[in-house]
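Residue numbers (this note's numbering), protein chains in the order written: chain A, 1 to 447; chain B, 1001 to 1165.
FYI, nobody ran anything at the bench for these hints, they're computed from the structure. It should be emphasised that the depicted structure is a prediction, and the values quoted were computed from it without experimental measurement. Every residue, glycine too, gets a C-beta built ideally from N, C-alpha and C. Do not rely on the hints blindly, as some may be mistaken.
Selected chain A positions facing chain B (Cβ under 7 Å, derived; list incomplete) [unchecked claim]:
{"no.": "1", "residue": "Ala373"}
{"no.": "2", "residue": "Gln377"}
{"no.": "3", "residue": "Gly378"}
{"no.": "4", "residue": "Arg422"}
{"no.": "5", "residue": "Arg425"}
{"no.": "6", "residue": "Ala427"}
Chain A is nowhere near these chain B residues, computed Cβ spacing over 10 Å in every case [as the list claims (entries may be wrong)]:
{"no.": "7", "residue": "Leu1031"}
{"no.": "8", "residue": "Gly1054"}
{"no.": "9", "residue": "Leu1117"}
{"no.": "10", "residue": "Gly1122"}
{"no.": "11", "residue": "Arg1157"}
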Amino acid sequence: MSVSADPVAPTAQFRRLHPLTPLLRGWKVFAAAVAIAAQQLYGDIDAGWLLLGILASIPVALLYGYLSWRFTHYLIDGEDLRLETGVLFRRSRRVRLDRLQAVDVVRPLIARALGLAELRLEVAGGSSSEAPLAYLSEPAAQALRAELLARAAGLSSDTPEAPEAVLVTVPLDRLIRSQLLTVGVILTAAVLVIVLGLAVVLREWSLLGLAAPLALALGPGVVGPIIAHFDFTVAESPDGLRLRHGLLETRAQTVPPGRVQAVRIVEPLLWRSRGWCRIEVNVAGYGGEGQSQTSVLLPVAPRAEAFAVLRRVLPDVDVAGIALYGVPRQARVCDPFAWRFQAAGSDDKVFVARRGRLRRETDVVSHERVQSARLTQGPLQRRLGLASLHLDTTPGPVRVSAAHRDAREARRILDAEVEQARRARSAARPERWMSLPGASPPPNVTG
Amino acid sequence: MTESPGEPFAPAGAPWVRVSPRLATLRRLLLATIGGLVVLVATALFALVAWWLGLLVFLAGLVSIGWGWVVVGRAVRSWGYAEREEDLLVTRGILFRQLVVVPYGRMQFVDVTAGPLDRRFGLATVQLHTAAAATDAQIPGLVPTEAARLRDRLAARGEASSAGL
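Using the sequences provided together with the hints, build the complete structure.
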């Protein structure tokens, strides 16, 4: 491909973002101006001047939005996505598509109203999305996602979007009940009832002032997850798992096969009588900020459903069927409350560690995905002949560790794990998941 | 440290390569500098505030620096690394012991760093990075030539056995 003298000059092949982007981008500047003005209202600045300031921010916001739109171009160039951004400080970035870890289509509320969407490419490393394309029209975002995934898979770019089959949906009433069934919520609600009761009995209405912040404190913890995980759908396609969720801001995530680095099954105390659990995952690129939104594979589901999804993430693995071994009795000194619930085991594909008496957590990592293995021993553990084993994976909510095991056994597990990881790596499937050695070759394979 | 075959923190297949004892000298020098400051503070307290406070600070400083002097030697001797066929082992710590196994194929990059004091003492630190932030594999107190050799060797081996994430 010929590149003109100016490395960031737009050429014919470059594509632009949607022309409504300046409005949405500029909106943020305008909102910031309003927020600053609102804070100044309490000062002694004349309200007329403030209004003038807000009005003046509108053209500035629009100009900023226009310029940043004008100078943003993207292009799929063979194996790479090229992205040119920046008004004053120009940046030209290439993202290798075979290194693609996930593709998200995010639609904030205002963008939805305008029929726009943001496309986020996630690659390993970096705390936020490496190549956000904000904003595209919804059909353009869909088409681009299909094209990126096809190229990342090693297929021709005009491969149509892969068909999908819905695996699980989370009904709203279960989502709401799951968020209410937490110890924090129930304790807060109990305190709230007591305060209200006291207020009524003692006719001390000032106590109501105490109740208000309590009720407000419940808000973010309960309502936040319900809004974020509203209408949660897990679907499967040859491109990987598709997650769709959100009430105000909707998010459609695509995680290609083999991109899930580690899995955690969480069973909080109050969910267990209903047999519910949550699945969290480590995906390289999802780490860092916003990971509580992106790293949930399934917010709440009965065990059977959850394990059905788990089998799609970890094919040929029966997590529930792996024999787990507990820790020796000495471990009660280090962990008096839950030592009986510490257990770990492995088969030829994965390593599993379980812990927790009240909130039970089960970590699963496939041998292939272990980045490094560690053995640690504190002074107390040393006296008791214990050691803890840690298997490190890419950043995320899941940290695989088996604490307080017999020191010699821990070392044996470590050595076995290192050996199994080595063998699994040498038999690993390629990053371009459609170019499997065993799979039938697709009609047009690029590269 | 004993290294009997059943010892959970012993390397398998290769002996530990220990780091340079000059690292202990360097850390003792730092301790001595802190000791000098303690003496200054103690003297000031002795002369200006109260004699017993100065004495107290002096004795406390003496005890903790003396203890540090002894521990530094053992701490530096506890560091060790071993290059195996497929992975690098790093161990360290007396009170809190740690053993890290990093497969060469998992290495993303290798750093060699040396501060001004390190350079004065002819020392350097090699640090390995994988895609996991939790991987804690650094080896301080290496002779610069050994650090450079280790870096190049690790990089070469990483390339030979590299894998995706």
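Right, here's what the structure says about each hint:
1. Evaluation of the alanine 373 of chain A hint against chain B yields a held restraint, the C-beta minimum of about 5 Å falling below 7 Å.
2. Of the supplied interface hints, the one on glutamine 377 of chain A holds, with its beta-carbon coming within about 5 Å of a beta-carbon of chain B, less than 7 Å.
3. Satisfaction of the interface hint for glycine 378 of chain A is found here, the shortest Cβ-Cβ separation to chain B being roughly 5 Å, below the 7 Å cut-off.
4. A cut of 7 Å between beta carbons decides the hint on arginine 422 of chain A: the least distance to chain B is about 5 Å, and the hint holds.
5. Look at arginine 425 of chain A: its Cβ gets to within about 5 Å of chain B, closer than 7 Å, so that hint holds up.
6. Because the beta carbon of alanine 427 of chain A sits about 10 Å from the nearest beta carbon in chain B, more than 7 Å, this interface hint is broken.
7. With a least beta-carbon separation of about 22 Å from chain A, leucine 1031 of chain B lies farther than 10 Å from that chain, consistent with its non-interface assignment.
8. In this structure glycine 1054 of chain B is separated from chain A by more than 10 Å, as the shortest Cβ-Cβ distance comes to about 34 Å.
9. No Cβ of chain A comes within 10 Å of the Cβ of leucine 1117 of chain B; the nearest lies about 29 Å off, and the non-interface call holds.
10. Here glycine 1122 of chain B stays apart from chain A, with its beta-carbon at least about 29 Å from theirs, past the 10 Å limit.
11. Arginine 1157 of chain B, annotated as away from the interface, keeps every beta carbon of chain A farther than 10 Å; the closest lies near 13 Å.
Violated hints amount to a single one, hint 6; each of the other numbered hints is respected by the structure.
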